[in-house]
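Novice: With the hints as your guide, set chain Y onto chain U.
Chains as they are written, first to last, in the working numbering: chain U, 1 to 335; chain Y, 336 to 670.
Please keep in mind that the hints were generated in silico from the structure rather than gathered at the bench.
The structure displayed is predicted, hence computed values, not measured ones.
Any given hint could be a false lead.
To be verified - Capping the alpha-carbon separation at 20 Å, the derived lysine to aspartate or glutamate pairs in EDC-like fashion look like this:
(1) Y/Lys478 <-> U/Asp140
(2) Y/Lys591 <-> U/Asp228
(3) U/Lys256 <-> Y/Asp560
(4) U/Lys59 <-> Y/Glu540
(5) Y/Lys394 <-> U/Asp228
Stated by the list, open to error - Non-contacting residues of chain U with respect to chain Y, defined by C-beta distances greater than 12 Å in every case (computed):
(6) Asp19
(7) Glu27
(8) Arg270
(9) Lys300
(10) Ile305
Said to hold, decoys possible - What the simulated footprint calls covered on chain Y by chain U, stretch by stretch (three residues with Cβ under 8 Å from a Cβ of chain U suffice, anywhere in the stretch; the number is not a length):
(11) 392-400
(12) 575-588
(13) 592-600
(14) 604-610
Every residue, glycine too, gets a C-beta built ideally from N, C-alpha and C.
There are 2 protein chains.
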Amino acid sequence: MSTVNHQFRLAARPVGLPDRSVWSQTEEPIGEPKDGEVLVKVLYISLDPAMRGWMNDGKSYIPPVAIGAVMRALGAGKVIASKFGGLAVGDYVGGMFGVQEYSMAPGKGLNKIDAPADKLPVYLSALGMPGLTAYFGLLDVGKPEAGNTVVVSGAAGSVGSIVGQIAKIKGCAVIGIAGGAEKCKYLAEIGFDAAIDYKTENVFESLRRHCPKGIDVYFDNVGGDTLDAALANLALRARVVICGAISQYNSTTGVKGPSNYLSLLVNRARMEGMVVLDYMARAGEALVPMSQWLKEGKLKTREHIVDGINTFPETLLMLFNGQNQGKLMIKVAGD
Amino acid sequence: MSTVNHQFRLAARPVGLPDRSVWSQTEEPIGEPKDGEVLVKVLYISLDPAMRGWMNDGKSYIPPVAIGAVMRALGAGKVIASKFGGLAVGDYVGGMFGVQEYSMAPGKGLNKIDAPADKLPVYLSALGMPGLTAYFGLLDVGKPEAGNTVVVSGAAGSVGSIVGQIAKIKGCAVIGIAGGAEKCKYLAEIGFDAAIDYKTENVFESLRRHCPKGIDVYFDNVGGDTLDAALANLALRARVVICGAISQYNSTTGVKGPSNYLSLLVNRARMEGMVVLDYMARAGEALVPMSQWLKEGKLKTREHIVDGINTFPETLLMLFNGQNQGKLMIKVAGD
Numbered sequence: 001m002s003t004v005n006h007q008f009r010l011a012a013r014p015v016g017l018p019d020r021s022v023w024s025q026t027e028e029p030i031g032e033p034k035d036g037e038v039l040v041k042v043l044y045i046s047l048d049p050a051m052r053g054w055m056n057d058g059k060s061y062i063p064p065v066a067i068g069a070v071m072r073a074l075g076a077g078k079v080i081a082s083k084f085g086g087l088a089v090g091d092y093v094g095g096m097f098g099v100q101e102y103s104m105a106p107g108k109g110l111n112k113i114d115a116p117a118d119k120l121p122v123y124l125s126a127l128g129m130p131g132l133t134a135y136f137g138l139l140d141v142g143k144p145e146a147g148n149t150v151v152v153s154g155a156a157g158s159v160g161s162i163v164g165q166i167a168k169i170k171g172c173a174v175i176g177i178a179g180g181a182e183k184c185k186y187l188a189e190i191g192f193d194a195a196i197d198y199k200t201e202n203v204f205e206s207l208r209r210h211c212p213k214g215i216d217v218y219f220d221n222v223g224g225d226t227l228d229a230a231l232a233n234l235a236l237r238a239r240v241v242i243c244g245a246i247s248q249y250n251s252t253t254g255v256k257g258p259s260n261y262l263s264l265l266v267n268r269a270r271m272e273g274m275v276v277l278d279y280m281a282r283a284g285e286a287l288v289p290m291s292q293w294l295k296e297g298k299l300k301t302r303e304h305i306v307d308g309i310n311t312f313p314e315t316l317l318m319l320f321n322g323q324n325q326g327k328l329m330i331k332v333a334g335d
Numbered sequence: 336m337s338t339v340n341h342q343f344r345l346a347a348r349p350v351g352l353p354d355r356s357v358w359s360q361t362e363e364p365i366g367e368p369k370d371g372e373v374l375v376k377v378l379y380i381s382l383d384p385a386m387r388g389w390m391n392d393g394k395s396y397i398p399p400v401a402i403g404a405v406m407r408a409l410g411a412g413k414v415i416a417s418k419f420g421g422l423a424v425g426d427y428v429g430g431m432f433g434v435q436e437y438s439m440a441p442g443k444g445l446n447k448i449d450a451p452a453d454k455l456p457v458y459l460s461a462l463g464m465p466g467l468t469a470y471f472g473l474l475d476v477g478k479p480e481a482g483n484t485v486v487v488s489g490a491a492g493s494v495g496s497i498v499g500q501i502a503k504i505k506g507c508a509v510i511g512i513a514g515g516a517e518k519c520k521y522l523a524e525i526g527f528d529a530a531i532d533y534k535t536e537n538v539f540e541s542l543r544r545h546c547p548k549g550i551d552v553y554f555d556n557v558g559g560d561t562l563d564a565a566l567a568n569l570a571l572r573a574r575v576v577i578c579g580a581i582s583q584y585n586s587t588t589g590v591k592g593p594s595n596y597l598s599l600l601v602n603r604a605r606m607e608g609m610v611v612l613d614y615m616a617r618a619g620e621a622l623v624p625m626s627q628w629l630k631e632g633k634l635k636t637r638e639h640i641v642d643g644i645n646t647f648p649e650t651l652l653m654l655f656n657g658q659n660q661g662k663l664m665i666k667v668a669g670d
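Chain U on its own, in the form it takes in the complex:
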């Protein structure tokens, strides 16, 4: 093999939004797999809000990406050389391949994907991390009961849209919060009972109107003022799932704490964080029903696919500007 691997490496820790200056583009030869390894040609790179957290120094649920390292990212690809018994050339696989064209990885840690190439994007959305995050975050942490009122922020995003649809399947009333008319229209299409456009509405007032008995489960992807508006509308014994805080990730003035947190006391409510990595051993529990719901049309996903690894710095920013419509990913190469 003499093919060159193009990569994006973290050159500096960003302050605020990460622009091109925090990345360095490198290239290196792709090499040959050692025993137990496979060489993967990356076809899709998943872009996720969590990546912004991985770029910061300091203690978190996984170590930060080191300066000079290839940027960490989930992806889906095709095995093009294998010294691992469980995977053969031509197999499709999912894993933490990074922002690069080729990834050399121990075969053991990869997920074999039994689907044609054109289905790979679904394995980065509903049947991947976003789907598992939604499933376990909602059901295991939020614990909705039929008849409950469930509110989700970032509702048109890859996690939020699935949270809302699972909540509907479980018999809840579901209200989504998203930015812009197009996204709110999409929420109606996938069965949400109501959508709140945070760009044009007073979220507190709209939540009060749509949730007259209060919010039983609030699934938060955004933090900031939206979290505060939801806290001010909790029902007794509500559950608040802290999945993310995308409004705060690029703050240069520190994170805004939820000043309405004493609503937890008034309502004997609970706020709890979740990290999907904790649920990897239980993935099957989610993937079986999720696949079934997808097949039956009860669960819909959409992917926002941008062409070309060279667009990575700008494509990543779409997440923070709210420009993506559906699960954001980069198509690196054809099959």
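Specialist: Chain Y alone, transformed into the frame defined by chain U:
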């Protein structure tokens, strides 16, 4: 009966600390009990941080005290007239008697206290609301396990001091946060493993030093920067009990939200509010072991008793200035 009842009524909703201007002093004849009622001579009035919340307008776990109403307060007293079968003249009782010398109340809602008059203060502290708050807040919400690290703020207060002692009884390492050398010395006397003086120490650094494996249970009575310092030191799967936020109750610039709340996500931790009123039906569960621990000397309490109902406005402020040493109450009258 022609005795006059002196009362403190809420004259205006306070902004910030409630000074004398928010109270009106009134007097009225005490009257005769109707069927089912008893007339109670109030001997002790309990002063509690929660009273500040009851003075604010807006939705909370109980309705606010109306303007012009006798200020709500727990108390202990003696039945001096009864038209309720379950209580006789001379019986000691506990109940929500208000800030006044005499209270006319339905006998049904009162707790008969089988103890001599000089023991009544304990029924407003360890064997009253603060004790029940500590017991259920720690054990039911915080769920400590033997070997856990438990941290409590407002640790020298009526709730905090009991939380710490119960945690010790349950086999935990206990660190208290309090203001001033005298309070920290008291924490050592009642068996805390360490005390942090927030007036002279950097709470974040001291917590890091005293809790090298992180905090498993944080019982919060104060909010503000102390809550943030604790959040930054959580262990994996920590439980944060939100019992109060005394540092914020008199804020004129709004409540400070905990900017480190994303530590809940990083640590898959839980923050949950508790209101002791939810546990009234289960009071016996707590009072049996608590009485036993008091008898055995495993649980110590101290009361800070100020003489005279006329001191009420200034005595109440001691709670917010941190001047009280132990459960604060007013002695209204001798037996």
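Novice: Could you run down the list of hints and mark each one as holding or not?
Specialist: Status of the hints after comparison with the structure:
no.	hint	verdict
1	Y/Lys478 <-> U/Asp140	holds (19 Å)
2	Y/Lys591 <-> U/Asp228	holds (12 Å)
3	U/Lys256 <-> Y/Asp560	holds (13 Å)
4	U/Lys59 <-> Y/Glu540	holds (16 Å)
5	Y/Lys394 <-> U/Asp228	holds (16 Å)
6	Asp19	holds (23 Å)
7	Glu27	holds (35 Å)
8	Arg270	violated (4 Å)
9	Lys300	holds (27 Å)
10	Ile305	holds (28 Å)
11	392-400	holds (count 3)
12	575-588	holds (count 5)
13	592-600	holds (count 9)
14	604-610	holds (count 7)
Hint compliance for this structure: hint 8 alone is broken.
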